[in-house]
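The lines below spell out each chain.
Number of protein chains: 6
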Amino acid sequence: MATLRPPPDPEADPRVAAVFADIRATRGSDFVNNVWRYLAAEPGLLESVWAELKAVMATPSLLEPKVKEMIYAAVSIANACDYCTHSHLAAARARGMTAAEQAEFLRIVATAARTNALLNAIRPPVDRAFLAEE
Amino acid sequence: MATLRPPPDPEADPRVAAVFADIRATRGSDFVNNVWRYLAAEPGLLESVWAELKAVMATPSLLEPKVKEMIYAAVSIANACDYCTHSHLAAARARGMTAAEQAEFLRIVATAARTNALLNAIRPPVDRAFLAEE
Amino acid sequence: MATLRPPPDPEADPRVAAVFADIRATRGSDFVNNVWRYLAAEPGLLESVWAELKAVMATPSLLEPKVKEMIYAAVSIANACDYCTHSHLAAARARGMTAAEQAEFLRIVATAARTNALLNAIRPPVDRAFLAEE
Amino acid sequence: MATLRPPPDPEADPRVAAVFADIRATRGSDFVNNVWRYLAAEPGLLESVWAELKAVMATPSLLEPKVKEMIYAAVSIANACDYCTHSHLAAARARGMTAAEQAEFLRIVATAARTNALLNAIRPPVDRAFLAEE
Amino acid sequence: MATLRPPPDPEADPRVAAVFADIRATRGSDFVNNVWRYLAAEPGLLESVWAELKAVMATPSLLEPKVKEMIYAAVSIANACDYCTHSHLAAARARGMTAAEQAEFLRIVATAARTNALLNAIRPPVDRAFLAEE
Amino acid sequence: MATLRPPPDPEADPRVAAVFADIRATRGSDFVNNVWRYLAAEPGLLESVWAELKAVMATPSLLEPKVKEMIYAAVSIANACDYCTHSHLAAARARGMTAAEQAEFLRIVATAARTNALLNAIRPPVDRAFLAEE
Chain Y
1 MATLRPPPDP EADPRVAAVF ADIRATRGSD FVNNVWRYLA AEPGLLESVW
51 AELKAVMATP SLLEPKVKEM IYAAVSIANA CDYCTHSHLA AARARGMTAA
101 EQAEFLRIVA TAARTNALLN AIRPPVDRAF LAEE
Chain U
1 MATLRPPPDP EADPRVAAVF ADIRATRGSD FVNNVWRYLA AEPGLLESVW
51 AELKAVMATP SLLEPKVKEM IYAAVSIANA CDYCTHSHLA AARARGMTAA
101 EQAEFLRIVA TAARTNALLN AIRPPVDRAF LAEE
Chain S
1 MATLRPPPDP EADPRVAAVF ADIRATRGSD FVNNVWRYLA AEPGLLESVW
51 AELKAVMATP SLLEPKVKEM IYAAVSIANA CDYCTHSHLA AARARGMTAA
101 EQAEFLRIVA TAARTNALLN AIRPPVDRAF LAEE
Chain R
1 MATLRPPPDP EADPRVAAVF ADIRATRGSD FVNNVWRYLA AEPGLLESVW
51 AELKAVMATP SLLEPKVKEM IYAAVSIANA CDYCTHSHLA AARARGMTAA
101 EQAEFLRIVA TAARTNALLN AIRPPVDRAF LAEE
Chain D
1 MATLRPPPDP EADPRVAAVF ADIRATRGSD FVNNVWRYLA AEPGLLESVW
51 AELKAVMATP SLLEPKVKEM IYAAVSIANA CDYCTHSHLA AARARGMTAA
101 EQAEFLRIVA TAARTNALLN AIRPPVDRAF LAEE
Chain C
1 MATLRPPPDP EADPRVAAVF ADIRATRGSD FVNNVWRYLA AEPGLLESVW
51 AELKAVMATP SLLEPKVKEM IYAAVSIANA CDYCTHSHLA AARARGMTAA
101 EQAEFLRIVA TAARTNALLN AIRPPVDRAF LAEE
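Residue numbers (the numbering used here), protein chains in the order written: chain Y, 1 to 134; chain U, 1 to 134; chain S, 1 to 134; chain R, 1 to 134; chain D, 1 to 134; chain C, 1 to 134.
Next up, chain Y with everything else stripped away, as it sits in the complex (with noise of 0.2 Å):
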């Protein structure tokens, strides 16, 4: 099903295996989800993904957690990645996300898609009070 060959034994390559060393390390967990095993079969590009995963998402910032999950799963689901749409509504699920907020989360999804047609059809000029520059 997929277009890159997973390795068999992906830690054997030292790379790879401190790439999953840490990606176990920072989440607390044993789990390597698919991503990563199939970024395996080419380790410049794994160490390149994760560096900017762990940097963006992982690391203590202004937004919390299940904010960052949610935006991220929104660009994702406009996106139509089927992968990243269910890693990142399971990631804002394990960083708290209840299930009324993954409705609200949905309907604003679903509202902005609609308006964005809408805009895009009709087309009309931006506002100058909306301008950052002026």
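Just so you know, not all the hints are guaranteed correct.
[Claimed, not checked] Calculated lysine-lysine pairs in the BS3-like style (CA-CA distance at most 27 Å, straight line): (1) R:K54 <-> U:K54; (2) C:K54 <-> D:K54; (3) S:K66 <-> S:K54; (4) R:K66 <-> S:K66; (5) U:K66 <-> Y:K66; (6) Y:K54 <-> U:K54; (7) R:K66 <-> S:K54.
[What the hints assert, rightly or not] Which chain C residues face chain Y? A few, computed with CB under 7 Å, are given here: (8) L4; (9) T26; (10) G28; (11) K54.
[Unchecked claim] Across the chosen pairs, the derived CB separations fall in these ranges: (12) C:D30 <-> Y:R128: 30 to 36 Å; (13) Y:A94 <-> D:E64: 44 to 50 Å; (14) R:T26 <-> C:P8: 55 to 61 Å.
Calculated directly from the structure, the hints in this document are not laboratory data. We put the CB at the ideal spot given by N, CA and C, even for glycine.
For chain Y, the structure is supplied; the task is to place chains U, S, R, D and C on it using the hints.
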């Protein structure tokens, strides 16, 4: 620039006048932005879009208003909606998103889009651990 | 604003002149819009795009011309194509789409986009009853 | 496979039961397809999505039902929504779209996507003749 | 799983048989993949899609075949087309793309998607230096 | 027109000055285009985006620079990113893409988009022969 002609005197139509009055009261501001001025060409559509926006975005709910606008903006960026991106980033700023939070938001949106492309290319199977149904 | 430079005197090229003449004859109008004036920079591409557009959109077929333009415009809106959205909504109006029909069209496009986002988020299995193969 | 768990006995909830009854009555069929069975996990969202679908798609209006489903399917294809593409092409067939019309529909959708890409690459200015505002 | 039913004996139709024969001759292989077996349900569409694919992708031209398939796959990934992503990455590999080149390809596609999102969010003006028209 | 305000004197910030100096040295040109001038509002994001662009696009690698820019531009067109389409087509031209190659590129991008739409509509199963895992 638009595909609909906005009526020159929209509030001459009582249905439009009622929606504009509700927009002003809900927002506590006299400003009515272009999306409503163009939708005024079709009062039934105007009523339905405003009713949904008001219910989903302008009514107190579980998520804070700033977060709701950030989720909305994330979808709008992924859908390449110029007007929506401007208006909902402006709305997020108006609801308290700081410049530093906006930078963090941009980083999440960009990282999500990068990984979406990567996983839409690699297409690994979704891990069973992520499935809500199990 | 464009990434191709339109030739200043496109009809000096006989291949371009032949396509422009066919556009005018097919449409019964002297007006040749910008897409053809820019594609004139690459006569082979111009010929191929016009041949396809003429065969699919300007030749009598099962669906009425107005409906064909609405389907075309729906795709263009979803793909955030500014030029195409303007030109095919204008074409639909020229082929008889009334303002009330355009409002209904907008409503369908917006509702579809809303539900698309919702189902790209929820990802329920496709019902067996919908499958053409069974 | 889904990100929401459908309730095992959805009609035990009276709000869900009322929506399902209205779906059956509106369609004159006992079959309730998966989108509603999964949305039943969130009765408020279920009510709002059904109300919109019923108003826009299942209420007699200016455009014929078959055409409305084709416009809906066109958007769904462009948004890569698997479930929506299946369900709305099936709905168009149920409302009278013949195999030959479906082939013509596919041709229009494909041609639109081709030209959308081309014009999103070339980005010519929109002709003044197309602007609704002038 | 498909929305079209593939004919059980496609080559009974002489138009389909002619296209299949040309596919086999052009590729020097007996294998005819599913896209053609499903399009066989609509011989006119089959002929038109194959004619375009053959002219654009299977005819010697300025760009090398491997590069053409990589450009094609890049578009397919961005459009979330599952079938196209698989078939054109396989075609690129068949035309000489190595595993290391595929890893580099993935990196470019991912970086482009990241920056696309960022610039669809920030929306800076296009530099005059980039405009082909000047 | 942008959603970020570019700093009036960006190089007053030493982190921005260092990135701009590296952009100029890497490209052998004094010109710093708008994406960097706007990102200068957020020096951390500027550093991260430039580091990735430099590593992926401006460092000698297996694929030739012209081909890398064409792959990048293909993704940008599919994502409807106005700025990126202009800047990466300009970069491809600067790295040797001729007008005839650009015409061929446009043809491939357009054909891919057409077939993507068709296969996102038909949704045939992926042939086992294409799967990397087997």
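Okay, the hints, checked on the actual structure:
1. R:K54 <-> U:K54: Holds, at roughly 21 Å.
2. C:K54 <-> D:K54: violated (36 Å)
3. S:K66 <-> S:K54: holds (15 Å)
4. R:K66 <-> S:K66: holds (14 Å)
5. U:K66 <-> Y:K66: Holds, at roughly 14 Å.
6. Y:K54 <-> U:K54: violated (36 Å)
7. R:K66 <-> S:K54: This hinted pair holds, its Cα atoms lying about 24 Å apart.
8. L4: holds (6 Å)
9. T26: For C:T26, the interface hint is violated, since the closest Cβ of chain Y sits about 19 Å away, which is over 7 Å.
10. G28: With a closest approach of 26 Å, the C:G28 hint is violated.
11. K54: violated (13 Å)
12. C:D30 <-> Y:R128: 30 to 36 Å: holds (33 Å)
13. Y:A94 <-> D:E64: 44 to 50 Å: holds (46 Å)
14. R:T26 <-> C:P8: 55 to 61 Å: holds (60 Å)
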